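Given these sequences and hints, build the entire structure.
Respectively, the protein sequence lines represent chains G and U.
Mapping the first sequence onto the numbering used here, position 270 (from 1) lands on 270, and the numbers just tick up by one.
Heads up: take any position in the second sequence, counting from 1, add 415, and you land on the numbering used here.
Worth flagging that the hints you see were computed from the coordinates, not collected in a lab.
For clarity, every value in this text was computed on a predicted model and none was experimentally measured.
By construction, the Cβ of each residue, glycine as well, lies at the ideal position given by its N, Cα and C atoms.
Incorrect hints may have been included.
[Claimed, not checked] Computed from the model, here is a short list of chain G residues facing chain U with C-beta under 7 angstroms: (1) G102; (2) G105; (3) G108; (4) T120; (5) E189; (6) V192; (7) G259; (8) F280; (9) G362; (10) P363.
[To be verified] Derived EDC-like pairs: lysine to aspartate or glutamate, alpha-carbon spacing no greater than 20 angstroms straight-line: (11) U:K540 to U:D525; (12) G:K190 to U:E758; (13) U:K578 to G:E277; (14) U:K767 to G:D78; (15) U:K586 to U:E755.
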Amino acid sequence: MATQTMAPPPTTQTSLKTQLRRAERRRKLNAFLLVAPLALFLLVIFVFPIGSMLWRSVDNSELSQALPQTAQLLSAWDGQQPPSEAFYASLAQELKSALANGNIGSLGRRLTYEDPTLRTLVTQTIRKLPDTPETTWQQTFSTLNPRWAELSTWQALKKAAPTTTDRYLLASLDLERNAQGEITAVAPEKQVYIDVFLRTLAIAGAVTLICLIMGFPLAYLLATLPTGTSNLLMIFVLLPFWTSLLVRTAAWIVLLQSGGMVNTSLMGLGFISQPLELVFNRVGVLIAMVHILLPFMVLPLYSVMKGISPHYQRAAISLGAHPFKAFWQVYAPQTLAGVGAGTILVFIMALGYYITPALLGGPSDQMVSYYVAYYTNTTNNWGMAAALGSLLLIITLVLYMLYQRLVNQQTPNRR
Amino acid sequence: MNAVFRSNRSLKYFATTCLVGLGLLISTQAQALTVISFGGASGDAMKKAYYDPFIAQTKTELTPGDYNGEFAKIRSMVETGNVSWDLVEMESPDLTRGCFEGVFEPLDWDKLGIKDQLMESAVNKCGAGVFVWSTVLAYDGEKLKEAPSSWKDFWDVQKFPGKRGLRKGAKYTLEFALQADGVPAEEVYTVLATPEGVDRAFKKLDELKPHIQWWEAGAQPPQWLVAGDVVMSSAYSGRIAAAQAEGRKLVILWPGSIYDLDYWAIPKGSKNIEAAYEFIKFASQPDTQAAYSSQIPYGPVNPTAIEKLSPEKAKEMPTYTDNLKGALAMGTEFWVDNSEELEQRFNAWAAK
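Written as structure tokens, this is what we have:
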């Protein structure tokens, strides 16, 4: 009896359960559909380009694409024996087909990195190469240019033969492989990128610090002033956002140059007798970058400070703490989340700065992005651009992870 | 739900119609000769001197356009076989690279028949010269009591105290340094091709380094000269001429300058080669060249055109006979091969 009367409820319960599950699934699907455009956008705009950038930094397929058979021969070759007739024959044949396919351009560019004269050597050779050799191909090549008989020419080709390479990444760290394949430092007069990376970190760090020192009191003021006044001040903070970055940068040139407004007014007021050098050096870069990035420090700080109740600080003072101690021990720790967010935001944005240092700095103030742009636009060496970009990305990620670690360590301690 | 579906479908129809329409528009436009230049003031001068008279005279349809020198764009056009540009203004390094890579149609100079009318460097395997521009030593004639006469004076900080402007990069800078060190203009690239020559140039630059203010954009040197930030600067001739036209007393020193050309090139696979040849021929005539150069101080590649300009205008041209004396033709081949290595060394040097 009892079991009979008890029987129906489980069935309704399971149907309820399935209904619930179905509803849950539908909800999940809806949620997924809602984020689908963003996910797709991120995939197309972020994941794919970053992936292809990482790939380009090790990609070395120029020679193996233009001269597949020669590339195979070169890979099997030990680099010491004089290359056999087969090398010359396959090179002769494949150079012609590469010219017809339009692969010769990327090949020439790639060979320039090994030896600047190789491109001209290949061009001149192609132009004069006969359809059939008079005696042997080896003889033909060597008469066209004696350099084809030299081992070093073929060793340079061998370096370009594998489909992947670490040369761009190594070059980004001022390293290279010598003839024996060992990693060594490049000649001192060519060492530049380690300095550039350190400089980039130093500039970004200095900008972040100045922004924090200037932004913290400002955000505090904004958060504590009556709404009307703080709104007005907020507009002043946001005002720079409405002008283009380029205009703001150019405006600083006008203000800071030796005949500019700042120098002429300082001289007019008798503070200085000679114009200060404020632009085309580090000072100009720091001034302009702080100006541009300051709102990114103030806004997160402001939003956090706005949520901090003034009662805690008052309570601390009423319990006998010195106002500074109350501020430092009670108020400041509560702003840490804002300080962290503002700092990381400004620092990471500053790492990628390009146009401001390019226009306001001297040659020793250029950051990594300048060289990325230079390799992308001017020399078309996308491998080098990708390698520098990848390293910058890795450095940024490592710093971000360190930051996350610090924040996560602190949270449990506070509680 | 249904309504959404229906509107979706009509949207699809609409999109298809638009695409087909666009396709038709593009394909009809492809009939006309499409000429792409760098635009700006030069593009305006080209419209008056070349495009409009060409349309009026030959009744050919012509679609002008401009770009920012994106060589990759032309390459991808040629690679995908979808060439909608028939004639493109190219700077010399990209022309050399593109010619080597087979991106441009080689020009049949016999068919053009103007080879002996143009200056020598205007005749290129893949390109026909458009105009000549120059990188020169410039100074403010009102501020300097004594005029500098060579790059040696540029290096002489005792005689001419003050900062000097140079372009941030190895190109031009190394050539000027060697000339300051006493290398005659015609030997500059021979010396620079040797490692010792490069060392020599950098050593000479060491002397001047504390006095150099590096410029990045072509607008900076005339501005700095006028403001008195620098006493002398390397500068693009066209920019100085523009400042002169505004009444500034800037002076150009032509000996030791480096001149370079822009070229017309035909992307491989263009469907209007015949019309493109006609256009090149038309734009290389003394009259049209003079019409162009009278509006903008870029030198004509056809020497006869100089005579058709007013004497004052003619003296502003990089290709004026006196201005070419002691001037140096840009070593395009040299820079295409060596720019990577030398620019890196320059960057390392400049940052120290």
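Here's how the hints hold up against the structure:
Checking G102 of chain G against chain U by beta carbon gives a least distance of about 5 angstroms; that is within 7 angstroms, so the hint holds. The restraint placing G105 of chain G at the interface with chain U holds, with a minimum CB-CB distance near 3 angstroms, inside the 7 angstroms limit. For the restraint placing G108 of chain G at the interface with chain U, the shortest Cβ-Cβ distance is roughly 6 angstroms, inside the 7 angstroms limit, so the hint holds. With a least beta-carbon distance of about 6 angstroms to chain U, the hint placing T120 of chain G at the interface is held under the 7 angstroms criterion.
With a least beta-carbon distance of about 6 angstroms to chain U, the hint placing E189 of chain G at the interface is held under the 7 angstroms criterion. Interface hint at V192 of chain G: satisfied, since its Cβ lies 4 angstroms from the closest Cβ of chain U, which is below the 7 angstroms cut-off. A distance limit of 7 angstroms between C-beta atoms decides the matter here; for G259 of chain G the minimum to chain U is near 4 angstroms, and the interface restraint holds. Given hint, F280 of chain G at the interface with chain U, holds; its Cβ is 6 angstroms from that chain's nearest Cβ, closer than 7 angstroms.
A least Cβ separation of about 6 angstroms between G362 of chain G and chain U falls short of the 7 angstroms threshold, and the interface hint therefore holds. Hint on P363 of chain G holds. Least Cβ distance to chain U is approximately 3 angstroms, under the 7 angstroms limit. Between K540 of chain U and D525 of chain U, the direct Cα distance comes to roughly 12 angstroms. Compliance with the 20 angstroms bound is thereby established for this hinted pair. A C-alpha spacing of about 10 angstroms is found between K190 of chain G and E758 of chain U, which places the hinted pair at or below 20 angstroms, so the restraint holds.
Pair hint K578 of chain U plus E277 of chain G holds up; C-alpha atoms about 12 angstroms apart against a cutoff of 20 angstroms. For the hint pairing K767 of chain U with D78 of chain G, the CA-to-CA distance comes to about 40 angstroms; that exceeds 20 angstroms, so the pair is violated. For the given pair, K586 of chain U sits about 11 angstroms from E755 of chain U by alpha-carbon distance, which is consistent with the 20 angstroms threshold.
The structure shown violates just one earlier hint, number 14.
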